[in-house]
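Number of protein chains: 2
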Amino acid sequence: MTFRRIAIIGLGLLGGSIGLAIREGLPGARTTGWDRDPEVREAASRRELVHRLAETAEEAVADADLVILCVPVGAMEEAARIIAPALAPGVVVSDVGSSKRSVAEALGRALPGVTVIPAHPVAGTERSGPEAGFAALFRHRWCILTPSDDAPAEKIHALSMFWQALGAKIELMTPAHHDLVLAVTSHIPHLIAYTIVGTASDMEQVTQGEVIKYSAGGFRDFTRIAASDPTMWRDVFLNNRDAVLEMLGRFTEDLTAMQRAIRTGDGDALYRHFERTRAIRRQVIEEGQDDARPDFGRSDH
Amino acid sequence: MTFRRIAIIGLGLLGGSIGLAIREGLPGARTTGWDRDPEVREAASRRELVHRLAETAEEAVADADLVILCVPVGAMEEAARIIAPALAPGVVVSDVGSSKRSVAEALGRALPGVTVIPAHPVAGTERSGPEAGFAALFRHRWCILTPSDDAPAEKIHALSMFWQALGAKIELMTPAHHDLVLAVTSHIPHLIAYTIVGTASDMEQVTQGEVIKYSAGGFRDFTRIAASDPTMWRDVFLNNRDAVLEMLGRFTEDLTAMQRAIRTGDGDALYRHFERTRAIRRQVIEEGQDDARPDFGRSDH
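So the sequences go chain by chain: E and D.
Read left to right, the first sequence gives residues 1 to 301 (the working numbering).
Read left to right, the second sequence gives residues 1001 to 1301 (the working numbering).
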């Protein structure tokens, strides 16, 4: 089976990019889209993010064989309840949420008897909204599927082929393991970036102007991440609470050890740690997950 | 006065970039260079980082009117003691170290009677060594000078003109204020990045391969910073201990507040914080301190 009629609910960075990537990678497929914000619908129409914009969510999904929910994870259940009565028989419902355990549960509750295959394309930028999407967003990125045990194999295969057509690589895992992995590779980095940018702007001895001026020393990288969509990230932290709090505990332990090394002047411990983390960067580059050029190849070089 | 004969001691990323930037921005000046590592000297010779490579540090500085020490901050005092007997009358000795209070003190001790004007160009990449330098490194970046009260105004002016010729913008402040500002904008971000990359690679429930694969969710940005030169950064933390520990205390306080908001499910507090930090990113872009394109304009877009 191949998906031919794809409905995208929510037309921000992710939903819009899926629409554009389908035009490039799956020219035979037809997309319908809907967003609850009329301004987003208008921008989506102007940018032609989907073939047809629907007036309602129900209308968007009515004849779809694949529905992808591209809304904040806290809004998944409500979106699923709205579309539930309008879904066609045999449809697959998926999503792009950054936490999977709570989403799998929410969609299971809202869509009894429907094939739900939660998914998370590990891709994004600090931009959000219908103007931010682009077709290449998923290229060389991993898309994690977290199907339940009773999901039909041919539908899992079809969803894998769909994401591969958009340029992604596929991995399958349980929702719980996904949430742990992403807590490390994404949620904690975002939480830390949001925190340090807040700390820096609250200093009384250092003005905010100074923080901005001298941000090239490292801080500016954190400001990029801390510019990500606030609603999306609020929902991620509320919905992946346990894994985030566990990882945060470990990070805090390690930070305390570094703090002690600085306080006691233990240069050897600092050096050993800093030497070790260099190797990780090399592996990120080798795996094709980042630009190999210094400073991400930023334009001032 | 204008500097015409410039000696660069230490030919890594910073020293090498100064040499290359002088060739572009100050074609009338002559550079001599030295590095204690013979392999670095050889690479510097091949890349023509300076006009003339000296056999010893003393020889490199002998007729210089400006000497720039480009060694880790923990090696400044020793480097200064070595060149002290060979310095010409009227010379200005400066540096590029990332902490300024300890460097100002060390150079003062080692070079009594010599005009010392500590400097810190807030620029760099995660690369280090003589192959990493490039002429545009300082363009649009701030260079902070921390002259003592008795430094002659015309020499401060000459050093300002020198850095402006290399593309930098100039700011003057006290060493203590510099160390506080840079603790926020550079040292703490590096310490956090080094820590989280270490934490992630020590997980037992999540493999290192998974951490690498799914790094596009945010983690990969931290690996870039955590690939920076370990010797340089060990020295920075040992030499700016007080300011780093103070800032770290504030960051930890703020992180604890975020942790509590997640634990208690306080979505409003999280949203308010995430909304606020977005504005900082806009200011970093407006001040020309980062690439405005999403994801730093990384090559996969």
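Don't read these hints as lab results, they were simulated from the structure.
Treat the hints with caution; some may be incorrect.
Unchecked claim - Reference excerpt, derived from the structure (chain E facing chain D, CB under 10 Å, subset only):
id : residue
1  : Arg46
2  : Ala75
3  : Glu126
To be verified - Quick list of simulated restraints, FRET-style, between CB atoms:
id : chain 1 : residue 1 : chain 2 : residue 2 : range
4  : D       : Glu1286   : E       : Gly267    : 52 to 58 Å
5  : E       : Gln205    : D       : Pro1152   : 36 to 42 Å
6  : D       : Thr1252   : E       : His157    : 44 to 50 Å
Since the structure is predicted, the reported quantities are computational estimates derived from the model, not experimental observations.
Note that beta-carbon positions come from the ideal geometry of N, C-alpha and C, so glycine has one too.
Hint check results:
no.	hint	in the structure
1	Arg46	violated, 19 Å
2	Ala75	violated, 12 Å
3	Glu126	holds, 6 Å
4	Glu1286/D x Gly267/E: 52 to 58 Å	violated, 39 Å
5	Gln205/E x Pro1152/D: 36 to 42 Å	violated, 29 Å
6	Thr1252/D x His157/E: 44 to 50 Å	holds, 47 Å
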